[in-house]
Every structure is written in C-alpha cells, then in structure tokens.
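K.L.:
Read off the chains here:
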Amino acid sequence: MIITKELAQKWFTVFAEKVIQDKEQLSEYDRIIGDGDHGMNMARGAQQLLSSWQETPPVHLADVFKQAAMKWISGVGGASGPLYGTAFFEMAKAIGTKEELQHEELVNVIKAGFDGIRKRGKSEVGQKTMLDVWAPAIESLEEKQLTTEILETTLTKVTALKATKGRASFLGERSINEVDPGAASSKLFFEALLEAGDLNGD
Amino acid sequence: MIITKELAQKWFTVFAEKVIQDKEQLSEYDRIIGDGDHGMNMARGAQQLLSSWQETPPVHLADVFKQAAMKWISGVGGASGPLYGTAFFEMAKAIGTKEELQHEELVNVIKAGFDGIRKRGKSEVGQKTMLDVWAPAIESLEEKQLTTEILETTLTKVTALKATKGRASFLGERSINEVDPGAASSKLFFEALLEAGDLNGD
Amino acid sequence: MKKIINQPEQVLVDMLAGYKLVHDDVTYLEDTHVITRAQFTSNKVGIISGGGSGHEPAHAGFVGLGMLDAAVCGHVFTSPTPDQVFSAIKAADQGSGVFLVIKNYSGDCMNFEMAKDLAELEDIAVDYVIVNDDVAVFDSSYTEGRRGVAGTILVHKIIGAAAEKGASLEDIKTLAESVVAHLATVGVAIKPAIVPEVGKPGFDLDEDEMEFGIGIHGEPGYSREKIKTSREIAEELIHKIEVETKWTTDQTLAVLINGMGATPLMEQYIFAHDCLNILQEKGYKVQFKKVGNYMTAIDMAGVSLTLLQLEDAKWLEYLTESTLAPAW
Amino acid sequence: MKKIINQPEQVLVDMLAGYKLVHDDVTYLEDTHVITRAQFTSNKVGIISGGGSGHEPAHAGFVGLGMLDAAVCGHVFTSPTPDQVFSAIKAADQGSGVFLVIKNYSGDCMNFEMAKDLAELEDIAVDYVIVNDDVAVFDSSYTEGRRGVAGTILVHKIIGAAAEKGASLEDIKTLAESVVAHLATVGVAIKPAIVPEVGKPGFDLDEDEMEFGIGIHGEPGYSREKIKTSREIAEELIHKIEVETKWTTDQTLAVLINGMGATPLMEQYIFAHDCLNILQEKGYKVQFKKVGNYMTAIDMAGVSLTLLQLEDAKWLEYLTESTLAPAW
Ligand SMILES: Nc1ncnc2c1ncn2[C@@H]1O[C@H](COP(=O)(O)OP(=O)(O)O)[C@@H](O)[C@H]1O
Ligand SMILES: Nc1ncnc2c1ncn2[C@@H]1O[C@H](COP(=O)(O)OP(=O)(O)O)[C@@H](O)[C@H]1O
Ligand SMILES: [Mg+2]
Ligand SMILES: [Mg+2]
Ligand SMILES: [Mg+2]
Ligand SMILES: [Mg+2]
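For the record, the sequence lines run as chains A, B, C and D. Take -13 as the starting number for the first sequence in the working numbering and just add one per residue. Take -13 as the starting number for the second sequence in the working numbering and just add one per residue. Take 66 as the starting number for the third sequence in the working numbering and just add one per residue. Take 66 as the starting number for the fourth sequence in the working numbering and just add one per residue.
Hints listed in this document are in silico derivations from the structure and should not be mistaken for laboratory results. Note that the structure is a prediction, hence the values are computed from the model and not measured. It is possible that part of the hints are untrue.
[What the hints assert, rightly or not] Okay, derived cross-link-like pairs now, SDA-like style, lysine to any residue, Cα gap no bigger than 20 Å in a straight line:
id, chain 1, residue 1, chain 2, residue 2
1, C, Lys67, D, Lys155
2, D, Lys354, C, Ala103
3, D, Lys67, C, Leu270
4, C, Lys355, D, Asp89
5, B, Lys79, C, Leu183
6, C, Lys354, D, Thr92
7, C, Lys265, B, Glu14
8, D, Lys67, C, Lys355
9, C, Lys354, D, Ala103
10, C, Lys67, D, Glu301
11, B, Lys143, B, Val111
12, C, Lys265, D, Glu274
13, C, Lys355, D, Thr388
14, C, Lys347, C, Gln374
15, C, Lys265, B, Glu164
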C-alpha cells in the first residue's frame, strides 16, 4: 500500500473519530493512574483537527501531519499535547516534499515520530507510556504483520508494566495492572492506520 | 413541702444530672430546628455547677440559685446561657435572705425567674420557647397539680407551635412538629423539682 | 464525620492556640478566648466583634490595624458569654470607648448586651450595632428578624477604617447603623456543615439538591430545590435581594461573594462572574468587589452574596483603605 | 458531582472572566488564558508561573507587584500549551528577560520548555526553575522525580520580591534553584477532588480513611490509612520530610500550611498548632509561618505542610516584603 495525502487524511480522521468516541474511556484510564484528563485532552486536539480540515484542507501529504502537529501542540496541553504534537511534527519533517510513501518510507516516518516522543519526553521503552505501544507496533509494521490483535496484545503487555514516567509513575507499584491512557490512545492511532488501508498487502 | 437549701441543691443536682444525661438528645432537637448545640451548652453549665459545689458548697438558700446563675451566665453562652442564667439570678434575688420557701413563695420565686427570661429574651408565651414550658408549669404548680404527665403534655403542645423567637424562628412553618430544645430542657428543670420532693403535699 | 482535628471538644482551644502561634502580632487571652491586637493605636475607639466560632477567618482574622481591635470567640456556633465579651472590652478600651459589632441572633444580642452592662459599671463607654443583613429571613416585629451574616465583614472594614481615622464612638454608631441599613446578604448551600462535637450535618441534602437562604450556623433556609447552575443561582439571589430591599437599579454597590468554607475559589469566581454580569446588565454600578472565604459555616459548601449600597462616597474609601488584618 | 458552575467545559473561561471582573488591576489575555499585571514595573525580570487550573488561588491570585507578572492557566489539571506560555512571556517581558517557575510534571516541563524555545527565536531571554518539593514521591534517576506542589508559592514570593528589587535573570535563576533545593512538602487528603469535566473523584476513600502523600491533581499518594488525629498527621508529615531531606533539627525554617480547597481554616489552624508545636519541641526555629488555601486541588479536603530551610537571611526578608498580589 502506498500512503497518499488522501490516505493519510483518512488515517488521521479515523484516529480523531476514535479518540472522540473513546474520550470517556481514555479519561477513565487516566483517572485511575493519572489525573483523569487524557480523553479530554486528546479529544480537544481531535476536534480541532477535524474542524480545521473543513476550513483549510491539506494541500500536500506533509500538511496532514503538520496540521495535526499544530493542533496537538497549540490546542492540547498536558503531556500528550507536546508528545503527540512532536511526533506528528517529526513525521512531517521526515516526509518533507514527498507526496507518496512506500511501505519502507512509512516505517521510517513513523520511526521519526517515535524518536520525537522519546526526545521530547526524555523517555524510553519499558516505562509504561505510549512508547510501549509505538515500539512493538513499528516492529510489526516493518514485518508487514501489524494487526488489531497484535495491538490488543501489546496493550495488555503494557498494562502489566510498572510506570516510571509520566504522572502514573507517582503511583509506583500501584500502576501495575492498570491501563496506561497514552498507550491506549496510541493503540487507536495504529488501529486507525490499519483501517485507513491494507498495510500488509502491496 | 418547704424548700430548704438542701432541697434546692438536690433540685439543681438532679437537673444538672438530667441535662448531662440527655445532652445528646437536646442537641439532636436543636440540630433539627436550631444549630445543634443546646445539649452541649446546657451540659457545660451543669458540669461546672456540679464541680463548683465540690469546692464551694452553697451556704444560704439563695446561694444555690446564685451559683447556678453564675455558671450559666459565665460558662454557657448561646441563648440558653443568659436566659437560664438570668432566670436563676432573678430567683436568687426573689429569695433574698430567706432560708426556707413555703409553697406560695416558691411559686413567686419561679415566677420571678420566668419574668427574667421574658425580659432578657424580649419574648412572650406562644413563641415556642422555654417560656411555653415555664408558664403552664407555674400554673399547675400554683394549683399544686404539677406532675410529670402534665409536663409531658405541655411539651407536646409546644412541639405543635410555630417558632417566632430564637434560632428556630428562621425555619418558620418548618418548625412546627419539631421539639424545641429549650422547652425540652425546661421540662427537665421542672421534672427535677418534682423529683427533689413532693411539691403537691405539704 | 472526617476532620483534621484532635478531640472534638478541643477544636476551639486548639484552633486559637494555632492562630496565636501563626500570627505574632496578636495577643491571645486564653481564659476568655479573646484575640486582640498586640499593639493598639492609642486613643481610638476600640472595635470588637465576635460570636460563635466556626466562621473562620471571622472573627480573629480581622483583628489588625484598620479593622478590629479584638475578637471574642465562643464555642462552635455558640455565642460567647458576657464575661468573655467583657474581657475583650477591657482589653480593647483605649480611652475613647468601645464599639461592639453584634450579629442578630438572640444569644449574641443577650450576651453582648450583658457585657455592655458589666463594662458600664466600670465606666467604660460602650455602644454597639446589630447587623441583620440576611434577607433570606422574613423580617417583622413578630419574628426574631433578619440574621447577621457575611455583610458583617464590610461593617468591620468600614468602621474599622473610620475608627483608625479618629471617629468618635457616636460617629461610629451612626456610621455602622447607616451601613447596616444599606446592607443585604443571601446565601445558598449545596452541602451542609458538620459541627465537630455534633458529628452530623445540621440538615440533609440529597445528591441533587441545594438549599436557598441558609444561615451561617447550619440553619436550613427558605427553600430546597434541585441543584441549579451558577448563573441561575446568581439570578435567584439577586432577585431575592431586590425583592426584599426594593432597591432601584441605579444604585452604586459594593459586592462581597463569600465562600461558606468548603467551596473552592474556582466556583466562587465562576459565581462572581455571573453575579457581576447580571448586576451590570441590570444597570447597577459596582465600585467594590471582593471574593473569598470571609464568614464561613465550618465545612459547608455554598456561597453567599452581599450587596452594600454605597450611600456615601466615604464608605468606598474606607473599604479600599489598607489594613493589616490578615484575612481581609 | 455537585458544584456551583455552569457548563463543566466552561469552568476555566468562566472563572478567568470572573477573576478579571473582580480584580481591576490585571489584564486578561482571553485567547491564551493568561492573567498579567495591568501595569508592569519597568525593566525588571518578568516572573511567570502557571500550569493546569484547579489550584486556585494559584496561579492568577499571585499576580501583582512583588510576586508574579503573569500566570498561564491551562485547562483543569492540564498543563497549558507552548502558545499560551509564549503569550505570557511576550506580555511579561520588560526588557530584562523572563523567568519561568515550572512545577515538575512531564506536561508542564515539556510545554514550558517549548515556549522557551519559541521565545528565544524572538530574542527574549528566558530561564526557568523546576520546582520539585513533594517528598512524598520517590526520587531517583529512574523515576519522573518529585512533583512540584505548594512550596512553589514560597518560590514565587522570594524571587518575586528579588525581581522587584532589580535582581538579574541569572541572579533569579541561582536564587530560585537554591530555594528549591531547600524546600520540602508533603500532603494528605481526607476527601478526593472531583474534576468538573470528569464528574468522579480521582480516587476513592472510605468514610474512615485518609491518604498520605497525595498530589495536587487528585493523584493518589503513598499510603492509605485509617483517619488519624491532627497531631498524628503532623507527626507523620514532619517525620516524612525529615527522612527524605535528612535535615538536622537546628534548622531555621519557614512553614507553609496549605489547605487543599475544601478544608476549613478551623482545621488548618488546628493542624498548624500541632505542626508548630512539634517543630518547636524538636528544636527547629520557625521564623516565618503562613496558613491558608494557596495551592489547592479543586475541592479536595486535606492539607499539605511545606518546610523551607532559611539558608540565607535574605529569604526571610523577601518572604515578609509586602506585595499587592491578592492571594498572598
Ligand atoms: N515522558 C513521557 N514520555 C512518553 N510518554 C509520556 C511521558 N509522560 C507522559 N506520557 C504519556 O502521556 C500520557 C498522559 O497524557 P495526559 O493525561 O494527556 O497528560 P498529563 O499527564 O499531563 O495529564 C501517559 O499515559 C503516558 O502514556
Ligand atoms: N428570646 C428568647 N426567649 C426565650 N427563649 C429563647 C429565646 N431565644 C432562644 N430561646 C430558647 O433557647 C433555646 C436555644 O438555646 P441554645 O441552643 O442553647 O442557644 P442558641 O440558639 O444560641 O444556639 C431555644 O430552644 C429556645 O427555647
Ligand atoms: Mg492526564
Ligand atoms: Mg442552639
Ligand atoms: Mg448556638
Ligand atoms: Mg493533566
């Protein structure tokens, strides 16, 4: 599958819709191990992105990511605003002027997003954050084997971890067996990618 | 029956003990139509009176009333402190240097107490206050017919009134069918008198 | 009942001892539960307020240059005794007489008046005002009349500033009575207060109910309704004040939004926003505004709205004058 | 959930609009939810604080001569965005640079640092301190580290006073880092907070339970126990601070007792009494004390205790310097 502007826009639209739909659930996860606002935060960005596309539709492929980056950075706040915002921004930079992404290019773009989160968050895989969904998702994608089942299993594994970054880390042991809200919203991000097109075919 | 210093002291002792015993109940009445402190207030005066008698027992009949007046005025506060305090003070004044009270004198002394409450409280019978127990109790006493049953009936009648004085008046109609705490403690005062000696005999 | 306290019977003494430890510029008369300034302005009229405790920061928090000289602290929701008030009078007397600010409750009126009698026996000139700003209460010669509530704080401030400028006992009496005549307050609760020694709320409210016209001692109010929005509450309270005072909308006002103890500032500012907007829409001119916990009912959740008609331009000056009272 | 609000989504804008209506001496930048002084002292370093809302009076209440120049207000418990912070930086820049007081939460750190990057692109000198006074949180290089909580208020006051006296951006950075290094806070809750948009408490406590070590965003703490007396709570919190800071008892201290929003002053003064007594019994010298609601968690009931080692005599001067910030 080749990622075009249309496909990318579908990806982010589905993501935004899923976030808005799961808003309560995401906040409920955050209520238990954080401060209860992750759904509200993410939905704010999602809503703004959907509205902005009504007014100014993206012209180039990179615009999809840039616009998402701007909405998350300037409209969301909290930890997820700068983290997702930076990811989308780094993805836009990696795309540059390309208007189509081959499978391998897509993987590299998503890796750039992943690195953006790591650097912005000064965080690593294993700390029970969104990174713990991104890393295995990228790996599966590389092998053309990403499925919703794999995402499901991944989230379950993240749930078993003890948090050492973000608000949930203040809970220590008590964070074990609770769903990390950022991991849950990242799962939505990759589910949306799967729904936008068949990534595993050509 | 003739009221001597010993009998008067018994009267006030029984009264104080009853108040301490019914403290919670009196506060509960007050919680519903006032501010919930009548039992605490009265028990404070009662406790102080009992303790003060350990140290300085009354010498003359009037001392019993004077000491009670001082404890209520300086130790109780709220509405009941000055009202009972003034009543006891006026009773002491009416006794003067007498060391014994015949039945008729006793009635006059209690009337002086009643007038003290009225003046201090700028209140009248019918406003659902302690006066509404004192007035009928004095009448029955005058006819040598005061009994605990009459006191019981009296309190029931007061309960049916609408309050127009004291904190309970702020409740208006909602004060109807609630027990007035000051009326309830006044009932204890006259019950104590009955228990101190047979008032209706000679 | 969940509270950060030790013995419920000890809350008054623990709190006042704490107040004294925190504020170096007051004197604490332990026997009579009186807080006074550590240093008095010489020769001015002494201003005293007080009443039952449970209204913190009232009244001790208003002791300081520019406001009160002394605060008399009764047990929780219980008027102090004449002895206690008399002790404050003696401490606050600086030779020009002492003025008492009394809230209209039978207990307060009686105990303060008895203290005045005691003071006059010792040749201390004493006068007083009875604050009765709570328009929630039906006022007629057949009732106890209106209660004294949060508006009392504005009385403290205005006469406190006047006293500091040298007003005489007579001047202060006239000033205080005039202020009280132009003062109106009404409050609501969404959660009742719990007196530590009682351990149970003064009234019961369901999870979706609120009560209009509550007093500051956990007394229930004039009507129980389903919970409303801040804007609707503001409309109802302003309406109630308008009906009771019959003020015309060309008034110049001071506005005090008072939290009842457990209501966060977030809600108080939201409520202030609605009140000030409505007052402005109606045409009132608001020249002074204050928001916060000033006259509370322990841990009641709710707010009260106080409006003072600024009859005299001097009142605004007195309100804005600086003071060292920590709670203003 | 029972609150005096309108739409739960509107609490932030309603509250800030209310704040502006009440306080004439601030400017409200509506688009970015920033409150600034209406008039700036020329040429001083601009001091900015902020974070999620729900901590009222923090942070807007500390804007005023002698404390902050601007406060950036995020959504409830949500860090403001870089744009919002940048807008405050531009407003507070008076030519000598701008200093940011950041509380140690991932979100705040990231958003404020991104704003600093934006500002530097426009040649505004920006520096910052990250306050991490909450010793309830285990601090190591493998964790997020300690949170920033009520001690932040003392940082505002000290550097606010220093800035007013003309301290440079570098001086303020050194001063702020030194203060933070000598600052420790720990808090307890007896009732959790309810975020308006969430409608449910952040954690659940039984009628006889309390939680030690809670954060100011409804985060649960390090241990849940049966409710204790004020004295026992004071002992535990002081013990916790001593264990974590390893201070010796010959320290000179500033003490801040902070109410979490729904705890009445009565309880705060009782708790202050116990804290100050214990500190004195242990031999500490307390030179500054403050009690009240400064850094709240909406309607959480509870208190926090902040101790600041007064390393430098200047700090005490800065703390006692007068300020026009309404919430100090
Ligand atoms: N430093 C970090 N690195 C990576 N992810 C992080 C980091 N800090 C937080 N997160 C993620 O952000 C999520 C929380 O986002 P959100 O609730 O919107 O922000 P906040 O914690 O400020 O309330 C967490 O569940 C976690 O996955
Ligand atoms: N003006 C008054 N005249 C007569 N009795 C009064 C008056 N005001 C109050 N009372 C009595 O006092 C009782 C309340 O006493 P208490 O609860 O101790 O004082 P407070 O109302 O100050 O809390 C009422 O139940 C009523 O009987
Ligand atoms: Mg969150
Ligand atoms: Mg009572
Ligand atoms: Mg009372
Ligand atoms: Mg948050």
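K.L.:
Would the pair lysine 355/C and threonine 388/D pass a check requiring their Cα atoms to be no farther apart than 20 Å?
P.N.:
Given pair lysine 355/C, threonine 388/D holds - Cα atoms ~18 Å apart, limit 20 Å.
K.L.:
Between lysine 265/C and glutamate 274/D, does the CA-CA distance stay at or below 20 Å?
P.N.:
18 Å, holds
K.L.:
What's the verdict on lysine 67/D and leucine 270/C, does the C-alpha distance respect the 20 Å limit or exceed it?
P.N.:
11 Å, holds
K.L.:
Just to be careful, I want the Cα atoms of lysine 354/C and alanine 103/D compared with a cutoff of 20 Å; is the pair within it?
P.N.:
Cα-Cα ~17 Å, so holds.
K.L.:
Would you mind confirming whether the straight-line C-alpha gap from lysine 265/C to glutamate 14/B stays at or under 20 Å?
P.N.:
9 Å, holds
K.L.:
With the threshold set at 20 Å, check whether the alpha-carbon distance from lysine 67/D to lysine 355/C stays at or below it.
P.N.:
At roughly 24 Å apart (the allowed maximum being 20 Å), lysine 355/C and lysine 67/D break the hint.
K.L.:
Would you check the hint for lysine 67/C and glutamate 301/D, treating anything up to 20 Å between C-alpha atoms as holding?
P.N.:
Measuring from Cα to Cα gives roughly 18 Å; hence the hint holds.
K.L.:
Hey, lysine 355/C versus aspartate 89/D, does the alpha-carbon distance stay inside 20 Å?
P.N.:
Given pair lysine 355/C, aspartate 89/D holds - Cα atoms ~11 Å apart, limit 20 Å.
K.L.:
Tell me if the straight-line CA distance from lysine 347/C to glutamine 374/C falls inside 20 Å.
P.N.:
Holds - the C-alpha atoms of glutamine 374/C and lysine 347/C are around 15 Å apart, at most 20 Å.
K.L.:
Verify the proposed pairing of lysine 79/B with leucine 183/C, using a straight-line Cα cut of 20 Å.
P.N.:
The hint holds at about 18 Å.
K.L.:
Checking one constraint from the list: CA of lysine 354/C to CA of threonine 92/D, max 20 Å. Satisfied?
P.N.:
Holds, at roughly 16 Å.
K.L.:
Need the status of pair lysine 143/B, valine 111/B: alpha-carbon distance at most 20 Å?
P.N.:
12 Å, holds
When the structure is compared with the earlier hints, violations turn up for hints 1, 8 and for no others.
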